[in-house]
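Enquirer: For reference, the chains in residue letters:
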Amino acid sequence: MMSKSSQVAVQKAVQKRRVWTGARSVAEAVKLADVDVIAAYPIRPYTGIMNALATMIAGGDFYAEYLVCDSEHSQFEVVKHASAVGARTFVGSSGTGLVYGAEAAVVTALGQLPVVGIVGCRSLDDPGNFGMEWNDAFMFRDVGWLMEWSKDPQEALEMTLVAYRIAEDPRVLLPHFVALDGAAITHVASPVTPPTKEQVAKFLPPYKPLHPLDPAYESVSKAMHIAPSLIGPEQRKSIDAAMKRAKNIVIPEAWKAWGDTIGREYPPFFEGTQMEDADYAILSMGAYSRNVEYVVERMRESGVKVGSLRLKYLRPFPTEELVKALDGVKGIGVVDFSYSFGSPGNGSVLYNDVRAAFYEAEQRPLIMDYIFAGGREMTIPELEKSIQALIESVRKGRVDKPVRWVTVRGEDV
Amino acid sequence: MVSPELEELTWLAIHGRGVINTAHSSQIALTLSQAGVAAGREAFYYMRYDDSPERVQLPFIYYAVFGNPRIRVILPEEVEPVGSVFDTVAVLDSSLLVKSTSQRALLMDGAKKKASLVVNTSLKPSVILNLVRKYGCAQDWEGKIITLRAKKYGQNIALGMTGAIAKAMEPLYSIDDVVESLESEGKTDSVDAVRSAYEEADSLDVTLKAQDCEQYKLKSSLGEAKPFKGAKGWWDREAYMSLKERAANAPTYEQRIEAMPSWEQIAPALIEFGPKVSERNIGFKTSFARTFRPVIDYGKCVNCKLCHVFCPDGAIDYEPIKVNYEYCKGCGICARVCGSKAISMPHELQALEGLDEEEFLTIREALIEYAY
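Chain order of the listed sequences is A and B. Using this note's numbering, the first residue of the first sequence is number 616, and each one after it goes up by one. Using this note's numbering, the first residue of the second sequence is number 629, and each one after it goes up by one.
Don't read these hints as lab results, they were simulated from the structure. Wrong hints could be hidden among the right ones.
[Claimed, not checked] Some residues of chain B that are not near chain A, with every Cβ distance over 10 Å (derived):
(1) Ala-657
(2) Gln-662
(3) Ala-671
(4) Tyr-677
(5) Ser-802
(6) Ser-890
(7) Glu-892
(8) Pro-948
(9) Glu-997
[Stated by the list, open to error] When the alpha-carbon atoms are kept at most 25 Å apart in a straight line, the in silico SDA-like pairs for lysine to any residue are as follows:
(10) Lys-823/A with Arg-879/A
(11) Lys-1000/A with Lys-872/B
(12) Lys-913/B with Gln-883/B
(13) Lys-872/B with Lys-823/A
(14) Lys-872/B with Arg-991/A
Keep in mind it's a predicted model, so treat the numbers as computed, not measured. Think of the CB as a built atom: it goes at the ideal place given N, C-alpha and C, for glycine as much as any other residue.
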């Protein structure tokens, strides 16, 4: 039984609920984080975010240097340089636009500049596909960006705020992508309870760079065309160490601190549903993990011991944590909105990461890949059928067809 | 076939066209969704993602979805709900009553049997019913039509339509919930307009039998597609084209999806099997962008061919000069270049049915609203 005062508090919290798209949520987070420099260039679905920010700045809600650039490449250059001189920056893109900005984005990571970016996940062309697919974001998984997947507008807002804290931590200093599944999060408005300005101010103090690129600090940038033998490996090792510190120390710390601020618990790497005694686990990321949870709950009602595990961070990949979280599970189905043509097993990206994570585990469960490539959305019956195939494989003790193209019309050869 | 998780929900579909209607729809959907939240429902809204309304005059659909308090799944049919799901269909621009709208060929495609239709129009509900029977419906319908001249309520049509839709969606939320939602957005000065629209909108109970709808015959008469040759059916151009034609003519979304090819049947890589020389591409009919249609007065036409030359969409045949209304977007360039003033641009409803529609957005009004 709640006390009268906490009932009042709940009532107030309910009143503060807004109905926002993921794009608007992220823009509100950028405002709360008091970002200094924003670089924008339109491409759907990211466009929604730059529109929301432009509206806020034009309306006088907050002030930031807002640059509409001539391309994604310039966009990523702008934030890279602004971050180097000590600004808190915000950027974002989608699909092939993001790929066009890649050259600058790669250097941002090697420069250890804590830029926060949004990927509104979108299929890579051709032909002009704008469905939801992770391959645009996955192009950056190897180069030193932290990468996190949100599941709804609420989480997109929170992840953006926490991303600044993690990226700017002196133990990390790496750029951070927050991925919003295109359309499903960016363009769908759903109820959001935003944090207060005071809560955010306490959690995220202004960015104070250790070594801003400023003559007063006696720092200059490294020379271009430096001989590889001089600092190449060392520079990369520095990122490797930062990535490890991020996973082992900073990310758990930051989410703990955010949880304390808001007054609820946020597991840093996973969100599990019905995982306690699960024989089968469906591993997913992003918006459609809500579908997975829904199907899992429904199958539980008919007695199937299936659970859902939602992965939040792709980079750093929580290897040991994943093996531990899936301990005792007999079969794993990976929901993968991507492809990796010609990869080991002809599976896709997340699938192969999960398989690699289990290589040294004592118990290796059967693993299946459910490919949702090409931007067509998932339907509940398709997902149920895929889970049934996993259950059947576990019963037989082997997987005959590990990689399934779930949504494709025609024969899955 | 409707999946059970969709049946539990209440759907509002808002049809409009172009950038400015998009802004109106977003405003309407936000206000009504927050009204739903105020009434204790989960609510969310989105614009159908496949649509491109940033392009001038292109039709789009906005969806607002209201759940019981426990829905938390993202809907499986996120982009396009399949089956009979819409409780309320709202139309911001009445020229959409006689058109295919984005992927949905028929206005009432996907509507529940008891659905309400809310239209921004100067026409009477009974006239609207006739249009729906003729152009927009292929199913049994026992609902109501609500009409409103939305321009009368406030600076733009959003406030008026908010009130009219609220009337259609009662008792999901009350007009008081809508007022609360407006106030939470700081729009207290809009409350009166929304209230009076809610009270003054015309309402008519209607009954329509599927067999009486003219599109019903089309729907049932869609023939079989040509079978693909061979076991795999790889790259059989003729069969592919017949499939494409079937998809292009399908009056319902479900039928269109059914007609889409498998990966073995599509042409390889960059290639798309297309029209023969001098034919038009049946996969890219673009008439849904049209509010005003060019009508040629052949008595005045001197056959100079300027309209053919200037038409940006190649929608005017050369010999004899003739507008192909399946491809014309209604931009009006032909009327402007015509030296003998042989081309007029009446409203679609005027041209097709002789109806005098007064509720539409002129370019001038659009520019003023966007403060250019």
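Enquirer: All the hints need checking, so say for each whether the structure fits it.
Expert: Status of the hints after comparison with the structure:
{"no.": "1", "hint": "Ala-657", "verdict": "violated (7 Å)"}
{"no.": "2", "hint": "Gln-662", "verdict": "violated (5 Å)"}
{"no.": "3", "hint": "Ala-671", "verdict": "violated (6 Å)"}
{"no.": "4", "hint": "Tyr-677", "verdict": "violated (4 Å)"}
{"no.": "5", "hint": "Ser-802", "verdict": "holds (17 Å)"}
{"no.": "6", "hint": "Ser-890", "verdict": "violated (3 Å)"}
{"no.": "7", "hint": "Glu-892", "verdict": "violated (5 Å)"}
{"no.": "8", "hint": "Pro-948", "verdict": "holds (35 Å)"}
{"no.": "9", "hint": "Glu-997", "verdict": "holds (16 Å)"}
{"no.": "10", "hint": "Lys-823/A with Arg-879/A", "verdict": "violated (28 Å)"}
{"no.": "11", "hint": "Lys-1000/A with Lys-872/B", "verdict": "violated (29 Å)"}
{"no.": "12", "hint": "Lys-913/B with Gln-883/B", "verdict": "holds (17 Å)"}
{"no.": "13", "hint": "Lys-872/B with Lys-823/A", "verdict": "violated (60 Å)"}
{"no.": "14", "hint": "Lys-872/B with Arg-991/A", "verdict": "holds (19 Å)"}
Violation of the numbered hints given earlier is confined to hints 1, 2, 3, 4, 6, 7, 10, 11 and 13; the remaining hints are satisfied by the structure.
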